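Number of protein chains: 2
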Amino acid sequence: MDTNMEKPYAVGIDIGGTNTVFGIVDARGTVVASNSIKTGAYEKADDYVDEVCKHLLPLILENGGVEKIKGIGIGAPNANYYTGNIEFAANLPWKGIIPLASMFEERLGIPVAVTNDANAAAIGEMTYGAARGMKDFIMITLGTGVGSGIVINGQLVYGHDGFAGELGHVIMRRENGRLCGCGRKGCLEAYCSATGVARSAREFLAASTEPSLLRAIPAEEITSKDVYDAAVKGDKIAIDIFNFTGTILGEALADFISFSSPEAIVLFGGLAKSGKFIFDPIQKALDENVLAVFKGKTKLLMSELKDADAAVLGASALGWEVK
Amino acid sequence: MDTNMEKPYAVGIDIGGTNTVFGIVDARGTVVASNSIKTGAYEKADDYVDEVCKHLLPLILENGGVEKIKGIGIGAPNANYYTGNIEFAANLPWKGIIPLASMFEERLGIPVAVTNDANAAAIGEMTYGAARGMKDFIMITLGTGVGSGIVINGQLVYGHDGFAGELGHVIMRRENGRLCGCGRKGCLEAYCSATGVARSAREFLAASTEPSLLRAIPAEEITSKDVYDAAVKGDKIAIDIFNFTGTILGEALADFISFSSPEAIVLFGGLAKSGKFIFDPIQKALDENVLAVFKGKTKLLMSELKDADAAVLGASALGWEVK
Chain A
2 MDTNMEKPYA
12 VGIDIGGTNT
22 VFGIVDARGT
32 VVASNSIKTG
42 AYEKADDYVD
52 EVCKHLLPLI
62 LENGGVEKIK
72 GIGIGAPNAN
82 YYTGNIEFAA
92 NLPWKGIIPL
102 ASMFEERLGI
112 PVAVTNDANA
122 AAIGEMTYGA
132 ARGMKDFIMI
142 TLGTGVGSGI
152 VINGQLVYGH
162 DGFAGELGHV
172 IMRRENGRLC
182 GCGRKGCLEA
192 YCSATGVARS
202 AREFLAASTE
212 PSLLRAIPAE
222 EITSKDVYDA
232 AVKGDKIAID
242 IFNFTGTILG
252 EALADFISFS
262 SPEAIVLFGG
272 LAKSGKFIFD
282 PIQKALDENV
292 LAVFKGKTKL
302 LMSELKDADA
312 AVLGASALGW
322 EVK
Chain B
2 MDTNMEKPYA
12 VGIDIGGTNT
22 VFGIVDARGT
32 VVASNSIKTG
42 AYEKADDYVD
52 EVCKHLLPLI
62 LENGGVEKIK
72 GIGIGAPNAN
82 YYTGNIEFAA
92 NLPWKGIIPL
102 ASMFEERLGI
112 PVAVTNDANA
122 AAIGEMTYGA
132 ARGMKDFIMI
142 TLGTGVGSGI
152 VINGQLVYGH
162 DGFAGELGHV
172 IMRRENGRLC
182 GCGRKGCLEA
192 YCSATGVARS
202 AREFLAASTE
212 PSLLRAIPAE
222 EITSKDVYDA
232 AVKGDKIAID
242 IFNFTGTILG
252 EALADFISFS
262 SPEAIVLFGG
272 LAKSGKFIFD
282 PIQKALDENV
292 LAVFKGKTKL
302 LMSELKDADA
312 AVLGASALGW
322 EVK
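For the protein sequence lines, the chains are A and B, in the order given. Numbered per the numbering used here, the first sequence spans residues 2 to 324. Numbered per the numbering used here, the second sequence spans residues 2 to 324.
I should point out that these hints are in silico values taken from the structure, not numbers from a laboratory. Just so it is clear, the structure is predicted and the values come from calculations on it, not from any experiment. The beta carbon of each residue, even a glycine, is placed where N, CA and C say it ideally should be. Keep in mind that the hints are not guaranteed to be accurate.
Derived DSBU-like pairs (lysine-lysine); straight-line CA-CA distance at most 30 angstroms [said to hold, decoys possible]:
1. A:298 with B:298
2. B:296 with A:96
3. A:296 with B:296
4. B:186 with A:298
5. A:234 with A:300
6. B:298 with A:96
7. B:136 with A:300
8. A:277 with A:136
9. B:136 with A:136
10. B:136 with A:324
11. B:300 with B:136
12. A:324 with B:96
Beta-carbon label-pair distances, calculated as ranges [claimed, not checked]:
13. A:64 with B:134: 38 to 46 angstroms
14. B:88 with A:58: 56 to 64 angstroms
15. A:88 with B:218: 48 to 56 angstroms
16. B:156 with A:277: 18 to 26 angstroms
17. B:276 with A:183: 29 to 37 angstroms
18. A:178 with B:64: 51 to 59 angstroms
19. B:293 with A:277: 32 to 40 angstroms
20. B:134 with A:88: 19 to 27 angstroms
21. B:296 with A:211: 38 to 46 angstroms
Heads up, incomplete: computed chain B residues facing chain A, CB under 7 angstroms, no partners named [to be verified]:
22. 134
23. 137
24. 153
25. 156
26. 158
27. 164
28. 167
29. 171
30. 260
31. 262
32. 264
33. 308
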């Protein structure tokens with residue numbers, strides 16, 4: 002992290018399908034000011050960027066002005082680090098290619114870098130969190146989907162085109178695999194995302210007549226949070242669902258270790274907070290499936306980024322590195 | 002490649018289970034002198050290293066002496082780049098941990114680096130072959146086993162422990178997978194190595210009564226070369242075996258692309274030379290299985306290293322980089 006007293010802050014902007022959160026962060030990872038707007042309220046990308054700047058600029062001015070900001074990092078779906086563009090993001094209102102980095106640079110006069118949200122989380126974890134000091138680790142984000150950010154030799158892996166690290170879409174079940182949102186079958190994301198867990202719940206409930214607390218909820222409304230709440234109360238089907246989910250994720254992680262032999266795999270996102278219900282079956286399946294030469298070497302860790310700040314922190318970490 | 006007129010050569014040593022081949026290579030990838038000894042003839046690692054040096058030193062002296070050599074690169078099974086050791090190599094006569102780099106350095110006074118054979122092949126391809134100028138590619142070696150060398154941001158991926166890049170051991174068939182030499186089931190190597198192809202031949206012949214040229218060979222003696230020879234003559238079962246093998250490899254490559262989004266995947270080794278019989282089904286399965294964002298972006302290439310020299314060239318390429 003290249004910081005100095007003259008530019009003591011970075012800005013992080015996290016663009017989600019629903020909300021855009023942004024904040025000013027110091028070198029120790031403290032969010033000194035933040036705000037948010039609704040992403041979906043702006044049909045035109047220009048109007049959207051104007052609105053973010055309208056709310057961000059006062060925060061910057063309160064903290065010493067533009068000259069105190071080292072850089073701006075943006076985490077967004079389908080954001081390409083090399084081009085500074087968002088490209089064909091299905092969950093955002095603006096279609097085609099949006100030159101997001103240059104749009105912010107023009108308005109604020111501060112250098113801007115963009116990357117996808119999972120990569121931003123990985124940089125955040127390396128800068129402020131559980132992966133501090135690590136040169137080789139993999140970040141897995143378990144949210145609505147499954148994302149990943151891969152760090153090798155201390156550098157984020159962008160690949161030749163800027164889109165590397167789509168580990169949510171390795172195929173885990175080639176026979177009768179579930180249909181994934183990407184159009185293919187059997188992807189990790191179809192099982193180990195929050196939506197995958199909800200889907201498992203419906204399948205498990207339909208496949209047996211065993212009593213379960215989850216039967217009190219209309220099947221289509223069950224969420225991964227409901228499954229967690231039931232597991233905490235000792236519900237067998239809920240615990241089975243976590244075992245099923247964690248086993249597939251542990252199998253996947255064992256393969257990822259054969260690729261880059263990371264010092265740690267860091268789990269992030271709502272599902273990662275299901276504690277031992279998800280952690281224990283992941284660790285068990287990882288140990289059972291990993292190649293002998295790697296056994297017991299890669300740590301399985303939970304993210305140490307504070308929840309409310311994680312997205313802004315991750316994006317801001319990229320801001321320190323902008324040239 | 003850091004070369005200069007004062008040190009115009011690197012030495013490459015390729016240690017295989019049967020033969021050890023070594024040579025002196027110039028900056029353009031020409032092997033100017035080479036020789037070999039039998040690896041298995043020396044019970045003690047010290048005697049073995051003495052013997053290599055005894056045959057290598059005259060070649061060095063004929064080409065200007067030790068001061069003309071930039072460095073020595075060694076490719077060997079289970080060789081660890083970070084430590085300079087060979088560690089528990091099942092196919093070599095010396096058990097436990099052998100400090101190979103320092104053993105050669107002490108005898109020759111030239112800096113030495115070691116890595117496994119697939120990594121050496123990747124560096125060779127980047128220095129002299131099909132991956133010249135590429136910063137992101139994956140080398141897959143299809144031999145007795147399946148090995149890999151991964152290059153990201155222009156650097157070989159060693160992982161936190163020096164053993165990264167075991168792509169032959171990702172699991173491709175989780176249900177009823179074949180037993181692999183590593184003790185697990187369903188590994189890529191159990192299907193897409195030369196021994197995997199021979200095994201497929203026995204399975205395919207046993208599963209049908211269809212006529213095949215391969216039926217003239219005792220089942221246990223069939224090699225992947227026999228399958229190739231039969232395919233060239235239009236033998237349907239032989240062609241089916243290549244389709245089966247190539248499909249599994251193409252599925253695997255599609256997953257590897259989701260990891261590091263390489264500019265190219267370079268195939269190396271005997272099986273890679275089966276031409277369209279293996280190339281076409283790999284490309285087809287890759288196209289059918291790759292995530293949309295990567296479709297059509299990653300080139301599938303054959304190694305451009307000359308066969309006889311490939312192992313020495315690969316190892317020598319590491320010699321240019323030794324510090």
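Hint-by-hint comparison with the structure:
1. Distance restraint check for residue 298 (chain A) and residue 298 (chain B): the Cα-Cα separation of roughly 34 angstroms exceeds the 30 angstroms cut-off, and the hinted pair is therefore not satisfied.
2. With a C-alpha separation of about 20 angstroms, the suggested pairing of residue 296 (chain B) with residue 96 (chain A) holds against the 30 angstroms cut-off.
3. Pair hint residue 296 (chain A) plus residue 296 (chain B) does not hold up; C-alpha atoms about 34 angstroms apart against a cutoff of 30 angstroms.
4. For the hint pairing residue 186 (chain B) with residue 298 (chain A), the CA-to-CA distance comes to about 21 angstroms; that is within 30 angstroms, so the pair holds.
5. Using a Cα cut-off of 30 angstroms, the hinted pair residue 234 (chain A) and residue 300 (chain A) holds, with the two alpha carbons roughly 29 angstroms apart.
6. A hinted pair counts as satisfied when its Cα atoms are at most 30 angstroms apart, and residue 298 (chain B) with residue 96 (chain A) qualifies at roughly 22 angstroms.
7. With a CA separation close to 29 angstroms, the supplied pair residue 136 (chain B) and residue 300 (chain A) stays within the 30 angstroms bound.
8. Simply put, residue 277 (chain A) and residue 136 (chain A) have alpha-carbon atoms about 27 angstroms apart, close enough for the 30 angstroms limit, and the pair holds.
9. The hinted pair formed by residue 136 (chain B) and residue 136 (chain A) meets the criterion: a straight-line CA distance of about 19 angstroms does not exceed 30 angstroms.
10. Of the pairs offered as hints, the one joining residue 136 (chain B) and residue 324 (chain A) holds, with about 21 angstroms between alpha carbons and a cut-off of 30 angstroms not exceeded.
11. Among the hinted pairs, residue 300 (chain B) with residue 136 (chain B) is consistent with the structure: their alpha-carbon atoms are about 13 angstroms apart, no more than 30 angstroms.
12. Only pairs whose Cα atoms come within 30 angstroms are accepted, and residue 324 (chain A) paired with residue 96 (chain B) is rejected, the gap being roughly 50 angstroms.
13. At roughly 45 angstroms, the beta carbons of residue 64 (chain A) and residue 134 (chain B) sit within the given window of 38 to 46 angstroms.
14. Take residue 88 (chain B) and residue 58 (chain A): their Cβ atoms lie about 57 angstroms apart, and the range 56 to 64 angstroms holds.
15. Hint check: residue 88 (chain A) to residue 218 (chain B), Cβ distance near 53 angstroms, so the stated range 48 to 56 angstroms holds.
16. Roughly 38 angstroms separates the CB atoms of residue 156 (chain B) and residue 277 (chain A), a value that falls outside the hinted 18 to 26 angstroms.
17. Checked against the hint of 29 to 37 angstroms, the C-beta distance between residue 276 (chain B) and residue 183 (chain A) comes to roughly 32 angstroms, which is consistent with it.
18. Taking the beta carbon of each, residue 178 (chain A) and residue 64 (chain B) are about 57 angstroms apart, inside 51 to 59 angstroms as hinted.
19. Take residue 293 (chain B) and residue 277 (chain A): their Cβ atoms lie about 36 angstroms apart, and the range 32 to 40 angstroms holds.
20. About 25 angstroms separates the C-beta atoms of residue 134 (chain B) and residue 88 (chain A), a value consistent with the hinted range of 19 to 27 angstroms.
21. Restraint check, residue 296 (chain B) to residue 211 (chain A): a C-beta distance of roughly 43 angstroms satisfies the suggested window 38 to 46 angstroms.
22. The restraint placing residue 134 (chain B) at the interface with chain A is violated, with a minimum CB-CB distance near 12 angstroms, outside the 7 angstroms limit.
23. Of the supplied interface hints, the one on residue 137 (chain B) holds, with its beta-carbon coming within about 4 angstroms of a beta-carbon of chain A, less than 7 angstroms.
24. Using the Cβ-Cβ criterion of 7 angstroms, the hint placing residue 153 (chain B) at the interface with chain A is satisfied: the shortest such distance is roughly 5 angstroms.
25. The beta carbon of residue 156 (chain B) comes within 5 angstroms of a beta carbon in chain A, closer than 7 angstroms, and the hint placing it at the interface holds.
26. The restraint placing residue 158 (chain B) at the interface with chain A holds, with a minimum CB-CB distance near 6 angstroms, inside the 7 angstroms limit.
27. With a least beta-carbon distance of about 5 angstroms to chain A, the hint placing residue 164 (chain B) at the interface is held under the 7 angstroms criterion.
28. Against a cut-off of 7 angstroms between C-beta atoms, the interface hint on residue 167 (chain B) holds, since the closest Cβ of chain A lies about 4 angstroms away.
29. The restraint placing residue 171 (chain B) at the interface with chain A holds, with a minimum CB-CB distance near 4 angstroms, inside the 7 angstroms limit.
30. Annotation: residue 260 (chain B) was flagged as interfacial toward chain A, and the flag holds, the nearest CB pair being 5 angstroms apart, inside 7 angstroms.
31. A cut of 7 angstroms between beta carbons decides the hint on residue 262 (chain B): the least distance to chain A is about 3 angstroms, and the hint holds.
32. Interface hint at residue 264 (chain B): satisfied, since its Cβ lies 4 angstroms from the closest Cβ of chain A, which is below the 7 angstroms cut-off.
33. Residue-level restraint check for residue 308 (chain B) is violated (minimum Cβ-Cβ distance to chain A is 27 angstroms; threshold 7 angstroms).
Hint violations for this structure: numbers 1, 3, 12, 16, 22, 33, all remaining hints satisfied.
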